[in-house]
Amino acid sequence: MGGVFRKLGSMAIDMVWQLGFIARFFWLILYYSGQSFTRLRLTIRELYFSGVLSLLIILVSGLFVGLVLGLQGYEILQRYGSTDAMGTMVALSLLRELGPVVAGLLFASRAGSAVTAEIGLMKVTEQLKAMDMMAVSPIARVVAPRFWGGVVSMPLLAAMFSAMGIFGGWLIGVVFIGVDNGAFWSQMQAAVDFRYDVLNGVIKSCAFGVAVALIAVFEGYDCVPTAEGVSRAITRTVVSSALAILALDFVMTSFMFRGL
Amino acid sequence: MNRTTIDLWVGVFVAMGIAALLFLALKVGSISGSEIRSPYTLSAHFDNIGGLKVRAPVKSAGVLVGRVEQIRYDNERFQAEVVFTVDGRYKFPVDTFANILTSGLLGEQYLGLDPGGEEKTLAPGEVIKKTQSAVVLEKLISQFMFGKAADGEPAPAK
Amino acid sequence: MSEPLVSLENVRFAYGERTILRDISLSIPRGKVVAIMGGSGCGKTTLLRLIGGQERAVGGRVLVDGQDVAKLGRDKLYAMRRRMGMLFQFGALFTDISVFDNVAFPLREHTDLPPELINDLVLMKLHAVGLRGAARLMPGELSGGMARRVALARTIALDPMLLMYDEPFTGLDPISLGVIGQLIRRLNDALGASSVIVTHDIQESLQIVDYIYFISEGRVVAEGTPEDIRKTSDPFVHQFVHAEADGPVPFHYPAGDYATALVGGPA
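Residue numbers (my numbering), protein chains in the order written: chain C, 1 to 260; chain U, 1 to 158; chain D, 1 to 267.
Do not take every clue at face value.
In silico lysine-lysine, DSS-like type, Cα no more than 27 Å apart, as pairs [what the hints assert, rightly or not]: (1) U:27 with U:139; (2) U:120 with U:130; (3) U:139 with U:129; (4) U:91 with U:139; (5) U:120 with U:27; (6) C:129 with D:71; (7) D:231 with C:129; (8) U:120 with U:139; (9) D:76 with C:129.
Among chain D residues calculated to face chain C with C-beta under 7 Å, some are [as the list claims (entries may be wrong)]: (10) 41; (11) 75; (12) 81; (13) 88; (14) 92; (15) 97; (16) 100; (17) 106; (18) 108; (19) 258.
These aren't lab readings, by the way, just hints derived from the structure by calculation.
Remember, it's a predicted structure, so these values are computed and weren't measured experimentally.
Beta carbons are placed, not taken as given, at the ideal position from N, Cα and C, and that holds for glycine.
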């Protein structure tokens, strides 16, 4: 019996430690962020790696999610004879939930894992220590640019995902099934509120961007410097990012959309 | 990978992201069309608001003129108090009629304003006197079944 | 000679419960090359990290150029590190940039020199290690010995006063080994710097260093010039120099009685 409690206790203590480390690390990143902006080139490079290289998977997935939403939406809406509302359904589900969440999950597994792997390998090969010995802070030089690259990429990718998804829905609805083009757009515009739907979605994606980028750089920087340690860190990045995104999504949704 | 290639791609990436955001804001969300300008507040009391929700549209002659801001229960009058905003460009006479209507048979409920004939218009903060409650489907059906479906008056217990 | 560049006074260090260094006192005189030797895992690398300020001693003092490293604030510590160079065991080159950019890295980070001057300086440093022709290669294309020479060029980019070498001879073929050994000596004399080599390669070290410390179980157990070491009768040093399997450093990890373990089943 005591063993169970002891285990629970040690788990709780470990978790608090971990949270403390992440919070301190986050503070350090912000403290050393100056260089990410004064030497913009460092951050632009990371924008390339986390943003541009994630483009393909985001656009293709967005398109397919939109196509599926279009098909399923049509299937359900036609039972009630309201296929005109297809645009509304596709747009609202993408803007509020699917865009930020699915783009966040894809971003975590595509870019987050790559960042963790890169920083982890730099740690294994002592590059971080070498940098520190050369009087260059690895947090300013390696971690902060990658963090900001992720934070900036994420909302842009989520917006592209949603836009692509709406295009997919339009393709199915208007081009293949023959829903009226005017009804598709006008119903959508009447139902979608800029501040309430679009902006809240963007805020969500920004929050997910911060969470994923922070987890990715932290796991890389904190990993056990062995081959096994790096692979575990990558797994942890993907798993914790996914959990963080879903948990944050729940909390933010309950605050943002409780009126309806 | 040299610098200019990276710059080019990042430029394309950022431009695409901003284009997507603009698309969502203008084409999908229509930032300009449905926005309510310089709104003022009105309120009305109803016996029953049915399924009316906060942020439901306020329409007159089918055109969106405002949104429901707040729904309260007034414990003195035992009625629901609905507070809503109306676009500052539109003025309504003091004898305007407020109805809770349903778009389509199963659609969302909204607040409909039927203007009356008075010269004087409603000032911000004023209360609309004439209201009609939501049609509750169950009541309608039971009235019909008991042969009292004449005038839509709610049948009070004697 | 004036006061030594680096001196350790009764330094004690532990990772949590595990004591690594018990009581170390040694000094590195200016202009000399000093080797610190000992078996694998005896805390030699930790010593370098203490000097570089990446770890703080639990007890005792680490003085570099008269300053107590453990008491320096972050900015002062970084200012001091700019005058130190450390060569890591496997070079620790930045794998995502070219050889040229690796050597240019400290110059670009710490100076505002114009690009032409940086270009000249980098080529000079690369020339000093004999790899000017490899400037455009990526670190992945280099052999182990070449990577370490490039790292050496990067280490000396800012003309440091103190050079630290962490196992510079590990995993090299005899020719590369000789090259690195000669470079360490030549660069030290050319730059007027002082060097510390942490290694367990006794034969190579005996040829190039001025003074040797032996560390075992967290203490300095022997010290002296190469001549002293060759002639010594100290059993530990003798075992080390002649690479004997058993001696004061036992072959067996401490364990219970062998016969009992075999007969008595699992311990």
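_Hint validation: residue 108 of chain D versus chain C, beta carbon distance must be below 7 Å. Holds or violated?_
violated, 10 Å
*Hint check: 7 Å Cβ-Cβ cutoff, residue 258 of chain D to chain C*: violated, 32 Å
*Does the alpha-carbon distance linking residue 91 of chain U and residue 139 of chain U stay inside the 27 Å limit?*
violated, 34 Å
*asked:* Next pair to validate is residue 120 of chain U with residue 27 of chain U; report whether the Cα-Cα distance is within 27 Å.
replied: violated, 39 Å
*asked:* Would the hint linking residue 27 of chain U and residue 139 of chain U be met if the CA-CA limit is 27 Å?
replied: The hint is violated at about 42 Å.
_Restraint: residue 92 of chain D near chain C, CB-CB cut 7 Å. Satisfied or not?_
holds, 4 Å
*asked:* Just to be careful, I want the Cα atoms of residue 129 of chain C and residue 71 of chain D compared with a cutoff of 27 Å; is the pair within it?
replied: Roughly 20 Å separates the two Cα atoms, so the pair holds.
*Would the hint on residue 75 of chain D stand, with a C-beta cut-off of 7 Å toward chain C?*
At about 10 Å, which exceeds the 7 Å cut-off, the nearest Cβ of chain C leaves the hint on residue 75 of chain D violated.
*May I ask you to test the interface hint for residue 100 of chain D with respect to chain C, counting a Cβ-Cβ separation under 7 Å as satisfied?*
violated, 16 Å
*Classify the hint on residue 97 of chain D as holds or violated, based on whether any CB of chain C lies nearer than 7 Å to its CB.*
violated, 11 Å
*Agreement of hint residue 88 of chain D with chain C interface, Cβ distance less than 7 Å*: holds, 5 Å
*Hint status (Cβ of residue 106 of chain D to nearest Cβ of chain C, threshold 7 Å)*: holds, 5 Å
Consistency with the previously given hints fails for numbers 1, 4, 5, 7, 8, 10, 11, 15, 16, 18, 19, ordered from lowest to highest.
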